[in-house]
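Student: Protein sequences appear in the order of chains A and B.
Once you know that position 300 of the first sequence is 300 in the numbering used here, the rest is easy, because the numbers rise by one and skip nothing.
Basically the numbering used here = 1-based index in the second sequence + 420.
The hints are simulated quantities; they were obtained by calculation from the structure and are not laboratory data.
Check the hints yourself; a few may be wrong.
DMTMM-like mimics (lysine to aspartate or glutamate), calculated; alpha carbons at most 25 Å apart, straight line [to be verified]:
1. Lys197/A with Asp461/B
2. Lys409/A with Asp619/B
3. Lys275/A with Asp509/B
4. Lys275/A with Asp581/B
5. Lys197/A with Asp455/B
6. Lys499/B with Asp78/A
7. Lys197/A with Glu450/B
8. Lys409/A with Asp455/B
9. Lys197/A with Glu291/A
10. Lys197/A with Asp221/A
11. Lys275/A with Asp511/B
12. Lys275/A with Asp495/B
13. Lys217/A with Asp587/B
14. Lys275/A with Asp587/B
15. Lys197/A with Asp126/A
16. Lys499/B with Asp543/B
17. Lys409/A with Glu608/B
18. Lys606/B with Asp386/A
19. Lys114/A with Glu92/A
20. Lys606/B with Asp362/A
21. Lys114/A with Asp455/B
22. Lys217/A with Glu592/B
23. Lys217/A with Asp455/B
24. Lys217/A with Asp461/B
25. Lys275/A with Asp510/B
26. Lys275/A with Asp455/B
27. Lys114/A with Glu137/A
28. Lys275/A with Glu489/B
29. Lys197/A with Asp581/B
30. Lys499/B with Asp282/A
Stretch-level coverage of chain A by chain B, calculated; a stretch enters the list once three of its residues show a Cβ under 8 Å from a Cβ in chain B [said to hold, decoys possible]:
31. 40-48
32. 135-141
33. 158-166
34. 202-209
35. 272-285
36. 351-362
37. 368-379
Think of the CB as a built atom: it goes at the ideal place given N, C-alpha and C, for glycine as much as any other residue.
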Amino acid sequence: MTDSNATGPNRRHFLAAAAAGSALAATAARAAPPDPRITEVQDWNVSWGDGVDATPYGLPIHHEAEVIRRNVPWLTADAVSSVNFTPIHALEGTITPQGCAFERHHAGAIDLPKADYRLMIHGLVDRPLVFSYDDLERFPRQNHVYFLECAANSGMEWAGAQLNGCQFTHGMIHNMEYTGVPLRALLAEAGIRPEGKWLLVEGADASAMSRSLPIEKALDDVLVAYKANGEALRKEHGYPVRLVVPGWEGNMWVKWLRRIEVGDAPWEHREETSKYTDTMADGRSRRWTWEMDAKSIITSPSPQARVNHGRGPMVISGLAWSGRGAIRAVHVSLDGGRNWQQARLSGPSHDKALHRFYLDIDWDGSELLLQSRAVDTTGYVQPTKDQLRAIRGVNSVYHMNGIQTWLVKPNGEVENVEIS
Amino acid sequence: MSRFPETLALILCAGTATAGDLGRPALPQEIAAWDLDIRPDGMGLPEGAGDVATGEELFSETCAACHGEFGEGVDRWPKLAGGDGTLADDDPQKTIGSYWPYLSTAWDYIHRAMPFGNARSLDADQTYAILAYLLYSNDLVDEDFVLSRDSFLTVAMPNADGFFPDDRATTELPLFSQPPCMADCKQEVTIRMHATVLDVTPDDAAD
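Looking at chain A on its own, in the form it has when it is part of the complex:
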């Protein structure tokens, strides 16, 4: 059936319609002349699709082949201590599909079976302990949605507009529903001694990824997570167990978590001295810049999601988030920040999680300078890049949460620009 149909009349009609130059019909479903997608019987209306045994675990349909993680080779010396980018220009809602959620490794994504997994807690504790993966599944569970944003997200834009697409300028982020055990429950099993004020959290990979975590945060909302978006963590996201550190820079979300040492002082390891410290204009550097401040980005229109429909109704869609709470409001400007409108928040609104916003406009086809500005529940208003540069200079590498500007041209092209 399938073979004969592929070369049969229906297939020929399909090709003929395509040859007739139906870009307009595809996007606007105009009625004159009659639309062959309607007047001709289509293949999928006649013969079978795939059986339920075709795809035990599915991937997106091939028409969505552009919705993938992307790499920018010139950013790093090699691909195993590097980063790729979530295709946020093409996603909607707030939950990031795990298969295209960005990766950041320092010695590659390792393959660590559950059976070989061990988690050690030691140091200033009453009972140094080792947990197996199965042990972790026996603790009372919680589910929470949180964003993970790399501290370096948008960092290439400190010096000015560099990369043309929100996937590249803002795509070191994902947002998942995590299932796991509160870290405080594991620490309670070991019993923290009164002098225990800091935790060293360490991964099992060859980068020896380790960070110092203050005890207050560890006892607050940190999770030891083993599922994301309903299923096991992906290998590249820390399978089988990772740390979830809500609102704080992604580097601290240690993957393949294997060890927690309780101490009385921070360790000042490589990832909190050489890296993830923010150099100011005077040459001195901030350390322990843990929280990710309120931020937003218009994901469409954007350079990778140009306007193809001409003037008329246009959906402006975007994401907003804050490491210090939930998003109270998002403002959108069409004229480079001269005037602002309230956007509409749509969907679930969790603390320290992505929020989706929309502004529905009637585009007259003229040039736009699109911006979005997030306001979080602490009252913090997302600053401009210039406001940040006035305080920090341009070499702080991390924590760039300045307002992004997109130039929408009359032909529908969109570009990353900096404005006065």
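Starting from the structure of chain A, add chain B where the hints point.
Tutor: Relative to the frame of chain A, chain B by itself:
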């Protein structure tokens, strides 16, 4: 009646994981195998020693292909030496000598995570020696220097006072928590930079 409180107690225990229920004691050998980290106060440093000359030889064999013979870096691989006094420049050179506040960090990181692709292959003496060479490359010690647990805390790192804790709560949050302008916020807007002029974005998904 007398059995009822016992039953209740059993139910309560079953409903709440209590200390000692899950996990097992970590053995001293297991802790020793994983607890390799070093702190600025020297906590965790093992016995051992290494001199500059030994370190130079080891560095040349195991490190120089990426980091250069003198720690100056090859291609995009990290520079480990140089850059002294550049932190406030337009293009700061952040190396162990110019930027890192603590010697312990370098020892810890080299020992646990280097060489890249063959981590955990350096013993304590080798790590002391390589770090002694890197201190020499950064002009921080003489060529006859021997780094050991005893001499460790005598090395002064130039940028030890170059860091301060996150101060956004005082320098930024009050400034950025003012009610924002909503209308007629500025006179004019001009574009001063285009990403397409730089043209460094990968072209399509096949890249």
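Student: Now look at each hint and say whether the structure bears it out.
Tutor: The hints, checked one at a time:
1. A distance of roughly 16 Å separates the Cα atoms of Lys197/A and Asp461/B; the hinted pair therefore holds under the 25 Å criterion.
2. At most 25 Å may separate the alpha-carbon atoms for a hinted pair to count; Lys409/A and Asp619/B meet this at roughly 18 Å.
3. Distance hint between Lys275/A and Asp509/B is fulfilled; the C-alpha atoms sit about 18 Å from each other, no more than 25 Å.
4. As the CA atoms of Lys275/A and Asp581/B are separated by approximately 16 Å, the hinted pair is consistent with the 25 Å bound.
5. Between Lys197/A and Asp455/B, the direct Cα distance comes to roughly 18 Å. Compliance with the 25 Å bound is thereby established for this hinted pair.
6. For a cut-off of 25 Å, the pair hint linking Lys499/B to Asp78/A stands: about 15 Å separates their Cα positions.
7. At most 25 Å may separate the alpha-carbon atoms for a hinted pair to count; Lys197/A and Glu450/B meet this at roughly 23 Å.
8. A distance of roughly 58 Å separates the Cα atoms of Lys409/A and Asp455/B; the hinted pair therefore is violated under the 25 Å criterion.
9. Only pairs whose Cα atoms come within 25 Å are accepted, and Lys197/A paired with Glu291/A is accepted, the gap being roughly 19 Å.
10. A threshold of 25 Å between alpha carbons decides the hint, and for Lys197/A with Asp221/A the separation of about 16 Å falls inside it, so the pair holds.
11. Proposed proximity of Lys275/A and Asp511/B is supported: the alpha carbons are some 16 Å apart, at most 25 Å.
12. Restraint check for Lys275/A and Asp495/B: the C-alpha separation of about 19 Å stays at or below 25 Å, so the hint holds.
13. The hinted pair formed by Lys217/A and Asp587/B meets the criterion: a straight-line CA distance of about 18 Å does not exceed 25 Å.
14. Proximity of Lys275/A to Asp587/B is assessed by CA-CA distance (about 18 Å); at most 25 Å being required, the pair is judged to hold.
15. For the hint linking Lys197/A to Asp126/A, the alpha-carbon distance of about 14 Å falls within 25 Å, and the restraint holds.
16. Proposed proximity of Lys499/B and Asp543/B is supported: the alpha carbons are some 23 Å apart, at most 25 Å.
17. For the proposed pair Lys409/A and Glu608/B, the alpha carbon gap of about 18 Å is at most 25 Å, so the pair holds.
18. Distance check on the hinted pair: Lys606/B and Asp386/A sit about 14 Å apart at the alpha-carbon level, within 25 Å; holds.
19. For the proposed pair Lys114/A and Glu92/A, the alpha carbon gap of about 33 Å is over 25 Å, so the pair is violated.
20. Our distance criterion of 25 Å between C-alpha atoms is met by Lys606/B and Asp362/A, whose separation comes to about 23 Å.
21. With a C-alpha separation of about 22 Å, the suggested pair Lys114/A and Asp455/B falls inside the 25 Å cut-off, and the hint holds.
22. With a C-alpha separation of about 22 Å, the suggested pair Lys217/A and Glu592/B falls inside the 25 Å cut-off, and the hint holds.
23. Pair hint Lys217/A plus Asp455/B holds up; C-alpha atoms about 22 Å apart against a cutoff of 25 Å.
24. Pair hint Lys217/A plus Asp461/B holds up; C-alpha atoms about 24 Å apart against a cutoff of 25 Å.
25. With a C-alpha separation of about 18 Å, the suggested pairing of Lys275/A with Asp510/B holds against the 25 Å cut-off.
26. Straight-line distance between C-alpha atoms of Lys275/A and Asp455/B comes to about 22 Å, which keeps the hinted pair within the 25 Å bound.
27. Distance check on the hinted pair: Lys114/A and Glu137/A sit about 11 Å apart at the alpha-carbon level, within 25 Å; holds.
28. With a CA separation close to 23 Å, the supplied pair Lys275/A and Glu489/B stays within the 25 Å bound.
29. For the hint linking Lys197/A to Asp581/B, the alpha-carbon distance of about 23 Å falls within 25 Å, and the restraint holds.
30. For the given pair, Lys499/B sits about 22 Å from Asp282/A by alpha-carbon distance, which is consistent with the 25 Å threshold.
31. Requiring three or more residues with a Cβ within less than 8 Å of a Cβ of chain B, the coverage given for the segment 40-48 of chain A is violated, as only 0 such residues are present.
32. Remark: the segment 135-141 of chain A is confirmed as covered by chain B, as 4 of its residues place a Cβ nearer than 8 Å to a Cβ of that chain, reaching the required three.
33. Only residues whose C-beta sits within less than 8 Å of a C-beta in chain B count toward coverage, and the segment 158-166 of chain A has 6 of them, enough to reach three; the restraint holds.
34. For the segment 202-209 of chain A, the stated coverage by chain B holds: 4 residues have a C-beta nearer than 8 Å to a C-beta of that chain, and at least 3 were required.
35. Figure legend: the segment 272-285 of chain A, annotated as covered by chain B; annotation consistent (9 residues with Cβ-Cβ distances under 8 Å, at least 3 required).
36. Beta-carbon proximity to chain B at under 8 Å applies to 0 residues in the segment 351-362 of chain A; the threshold of 3 is not reached and the given coverage is violated.
37. For the segment 368-379 of chain A, the proposed coverage by chain B is satisfied: 5 residues have a C-beta within less than 8 Å of a C-beta in that chain, meeting the threshold of three.
The structure is inconsistent with the numbered hints 8, 19, 31, 36, although it conforms to all the rest.
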